[in-house]
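Using the hints provided, position chains B, C, D and E relative to the given structure of chain A.
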Amino acid sequence: MENSVKFLTETVLRISGVDPRKCMKCGKCSGTCPNYDAMEYHPHQFVSMVEKGQIEKLMNSDSIYLCLGCMACVERCPRNVAPGKLVGAVAQLKLRQQDMNRKGGNDVAAFADEIVPQQLLMAAMRKYRK
Amino acid sequence: MSVNNPNWKPKIVAFCCNWCSYAGADLAGSGRMNYPADVKIIRVPCSCRVNPLFILRAFERGADGVIICGCHPGDCHYTSGNYYARRRLTMLFSLLDYLGIERDRTRVEWVSAAEGAKFAKTMNEFVETIYSLGENRKLSDIRCKKS
Amino acid sequence: MQKIGVFVCWCGSNIAGTVDVEAVAEAMKTVPGVVFSTHYQYMCSAAGQKLIADAIHEHHLDGIVVASCSPRMHENTFRKTAEAAGLNPYMVEIANIREQCSWIHKDKEEGTAKAIVLAKAAVAKLLHNKPLTAGTSAVTKRCLVIGGGIAGIQTALDVADAGYEVDIVEQRPTIGGRMAQLDKTFPTLDCSACILTPKMVEAAQNEKINIISYAKVEKVDGFVGNFRATIRKKARCVDETKCTGCSLYMNKCPSKKGKDEFNMEMNNRPAIYIPFAQAIPNVAVIDPEQCVKLKTGKCGLCQKVCTAGAIDYTQQDELMEREYGAIVVATGFKPIDPSPLNEYGYAENADVITSLELERLMNAAGPTKGTLLRPSDLKHPHEIVFIQCVGSRCDENTKRGKPYCSKICCMYTAKHAMLIRDKYPDTKVHVFYIDVRTPGKNFDEFYRRAVEQYGVDYIKGMVGKVAREGDKLMVRGSDLISNQQVEIAADLVVLATAIEPDPSARSIGTMLTASMDTNDFFTEAHAKLRPVESPTAGIFLSGVAQGPKDVPETVAQASAAAAKVIGLLAKDHLVTNPCVAGSDELLCNGCSQCEKVCPYGAITYVDKEVRGPGVREVRRVAQVNPAVCQGCGACTVTCPSGAMDLKGFTNQQIMAEVDAICL
Amino acid sequence: MIYSYYPGCTLKDRAKQMDIYARKCADVLGIALKELPEWQCCGAVYPAASDEIAPRLSAVRALMNTEEGKLVTMCSACHHVLKRTNFDWNRDENFRQKANNYMKPETPYDGSVEVIHFLELLRDEIGFDALKEKVVNPLTGRKIGAFYGCLLLRPGKVLAFDDPENPSIIEDFIRALGAEPVRYPYRNECCGAYVALENKACAEMQVERALNSAVAAGCEELITACPLCMYNLVENATAHKLPVSYFTELLAEALGVKEG
Amino acid sequence: MQEIMNRMKARAIALLADGTVSRVMGWEKGEGEYDWSPALFENAEEMEAFVYGDYAGANLSKYCLKLGKLEGKTLVILKPCDTLSFKQLIHEHRLEREKFYIIGAGCTGMKDEKGALLKCNACKSKEFAIYDEIIDSEESRKPTGVMDRMAGVADLEQMTAQERYDFWQGELSRCIRCNACRNVCPACTCIKCVFDNPASGVQSKAPVTSFEENMFHIIRAYHVAGRCTDCGECSRVCPQNIPLHLLNRKLIKDMNELYGEYQAGEGDEERTPLTSYTKEDAEPGIVHERGRA
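Residue numbers (the working numbering), protein chains in the order written: chain A, 1 to 130; chain B, 131 to 277; chain C, 278 to 940; chain D, 941 to 1200; chain E, 1201 to 1493.
Next up, chain A with everything else stripped away, as it sits in the complex:
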């Protein structure tokens, strides 16, 4: 898989459908993010870093697994930028790299107990491995 800045940036933009140039840098996404403190890079940084082509930095950060996928930033963005979709797209790009699964199938299966809902396990399968 190609890893040039150009390729990564274009792929993220294409698969996310996000246009970071629409951003007016108001920071509302980060103001509304429920998991802000846990993340190394915050939603508004995803937008500006993708625009600048700093995808690899983002791919190598745990932030991509800390997004709750709650879409609050998508809903509230006044510019229709959808930062959350960028986070998801970068995470997806990471999983598509060779040997870059966050967890193996067995690791996820190990979470299973009497209470954990099936869909959460299924979601983990989707979010942590490809």
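Everything labelled a hint here was simulated from the structure, so no lab data went into it.
Straight-line Cα separation of at most 20 Å, SDA-like style, residue types lysine to any residue; simulated pairs:
1. C/Lys357 / C/Ala323
2. A/Lys25 / C/Lys679
3. C/Lys383 / B/Asp168
4. A/Lys25 / C/Asn760
Relative to chain A, chains B, C, D and E alone:
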């Protein structure tokens, strides 16, 4: 189809009402919003001045697409002109479609004086549509086609 | 054979940059009818116009085509040039090779080819032009101002000052508008009422100004110089000529549930009330929704205490018809309702308020008599958060607000922050902002004072959530400079809500056929050069109706609109548009279809002896009144025989253009 | 009235109650919930990348197999995934084409199915006023908070379920059952379940914020439509705790069919 | 029908005799058995040639344009569908009501050598839109011709654009520009037609290219839109048997669907669908969308 003639450039006539759409076209111009040179604008006072004869004449003389632009319904400078135009053009387009003429060669769009971007976008879309339809053969007068 | 001259303008590099003007001029020489063709750097300059005039004389031209900028720019210039050179001004056609050619195309070859086609189309049309003579119409020397805020008041005062009559039609019971609701004004911190009320009084006392309050314009027809408006004066159930504005009834009225509109509905008022102490006219009004007498027929207390005998429960709406030469739109604005943006919790928390509500809370005549107390528990707030750009600058696809910057919020928020810190130094004030926009005289200095002198905490970032927790409002937002998410426990949250045109604007725009943009602001005739005129002749724009602006800008625009109105009313006659419809009696069937679509009632039918080759009989034929016809052309298309045609845009002219473009 | 019904995997196992109560209530309300034949897991998360086709195929199949025009879902996550799949199907040519290439269906899905949540069915098809009349056991005096979470509401334009910032459907539902709905600011925020497996602390923080907000506003119990929220609000509650139940359980109680 | 004719004849002669009318517009037999032509009768002797019956298909409304200019009243015989054309001409101020005495003629459906007329297969109405007296029979009041008037249009609408194009080219290319359609049409009443007027810019006397008959027929259909009563005379008289009524019916169908049911010549409203509007009218794009569904 356009495949016959790779150098084919469409001829597109845009009738624009003086108060809204012509001004919108001017705004697109001063905003440097590009659209293809295939579009040529004819200024009319109101979309209700556009006689079906003009549209057929354009096709006869080799136009590949005709678009009529006027003020948004409710905003006509003359209060009701575009309402009449809307009915007249609906009927004309329907009749052309009924005669088997590609319906996408005709279009009506309401563009206000403030909508330069919409004007450019509309023209770009329309030109693209006409390119995909290719040359107008069904309605043209063969005498008028330059070989 | 006509002799046509073609004049191709470079417009400096505006046209010459992407159109080979020399090639265009050269190509036009071979077009039938063209006897002279040239190009010049600036055709609109004195030298360019002289070049045209000289060519008209030298080549005995009977028509000219100027290939230049949009006819909306210089058509009149060149018509005057032609007229001065002895040519009928309607023997001039413009080929728009700037806005519709050079500015939108990058390829010079393509641009040149298109410019030639456009110029040829203009020549083709011109070959069918006929000299036209404009008629005249009288001017009614009275002006209608719709809206009695500071914009309408200023325009009215200036027009009246020049000696013309002005009617101000205001929908509320008093003039004064939004400015009357403001506490202080930036950047001087003048008391708003102190500078506005003298103007209100001046308007009331001016003999030339007639204030029609609690009224709305229902219908307007006619045209520049000759408008006729129908105005509905709503029944206020109080005789304006008798009421002394004594307010004795205030405590007697048993109904206390009316929302005080002037105080942004933060407190209640009786059913009979005067909106505020300095209201003009200082006359009470009865709210029919709240009045016990009007609703049940039992009460009448206010009538009993009124010594002037002004109360009249049977009063009916009154319709007035008035004639005007000019109309000024000064319909103003309202703040948007921030409830849909409920992450700010406006709908649920009394202590989340809009800036205009804060103005009333800080005003001595407001619900708290000017003491800053928060609405929920009337306690003094110690920590206040301001949020900027609420509903402004939003992408249109989000439906979260307006796409434009509301322009005044940065400054009034700085004002609020400063006034609070000044009056209540124990209060912490935070402002969440995206950008602080201060382009105005002494504006940035003002904002810096708020930060440097008053210690207002400006946080660059937006708020994501306001949540009530106990008696605090937890405001969570981002601080982009320190790259942190911050949470502030506030007592009061103030939203700098976007402003939007008054809801009445859209219907007024439709009534006046004055064009508006997608945000319902009125469009100006030219964004730079004719900023106070509507494209519709005789309609002028004043204040926020045209776009967001602050008080000084509004006043400046109001006076500019007045200057334009005075210029119009000073004329005894206006030259009418000669491009009107006309019917060929020999072709007219008398079928009456055209009459049905004429929006102006300009077409009538007469039985008339028609004479022509082999024809001499009495027929029913259409006649157009050229003074009433506005030249839309609706009739021409309805006419199946082609008897009805439009001068300046005849069937032949338009078809010649079509042919020239397509061939 | 007959509706196609998509229960989803969790409702067949860990969240059985939600499904059982829903069916009982449907009987009382005169609705036939016709379970889709051979449905598969919806995919649990909607893919963030527009070129991910395979994870959405089972959702497309569910839509394709819907015969009744309307497909009812119970679980927030399934509702989310199915609605978004349907939305994109009708707008994304590329998705449509590729999915058809994968599945090679005899007749491709025409995009005409309407996905509705059971709550929408109660609101729009039955009406809360009519529901109120069916209540035999009004839950008078109970102060109940709705926990919407994120999946039901957002993205608002796609799900078109309720006002994403100011929803009222569950409050209206609670009112119809005779209880007192309590609105609190964090009712439409995320519970953090998606990170709960890997990062319990994070999840706990989100839950605490929500429960704190609910308790402060006077909620005595919460209801949800989401098995993830249910799991998380119960398992990862720390300082504040509240009883949580599925909305269908509450409905069954009010309609008098909870037991037996 | 014979009985109706006899009553009609007697009544006409009486009206001529008492001076109520100066002439009678009706039909007389032509050369062939089916070939009945419009004819004018000025006295009782001439009335001997008067006929009315199964072959009186011609719509006499248009002849009234000239008759209306003569001294005295003209008696005109109008079948139910003809009264619509007549009334429409009154709406357009082309005829003066006082100049005519109208006998509404009961009709059991008209024929020609090929059988029932096209307009009679889909008879619009047995009601008279305008009349002074009615001469009919029980038989003539019964409905006739119950075929779907719009069936032919609907069939064409079902075709692909190319099929429609081929169909119309096949039909219209046979036009010889004899102008029979125009001359017979009671809505085509221009003193001078745009196609005859050199100043109109579209003058054309005979088709030179395939386009011109398109243009002629499109514009003709368009010019009578909203005024055409669907009397079917255009198709009846076309020597090339071009189904011109399918153009008019398409416009009628569209107007009915988009702007509400409307029958030209019915009622007292002079406005047609194309000289009125509502603010909520469909956008012209509906033509495009409708085709794609």
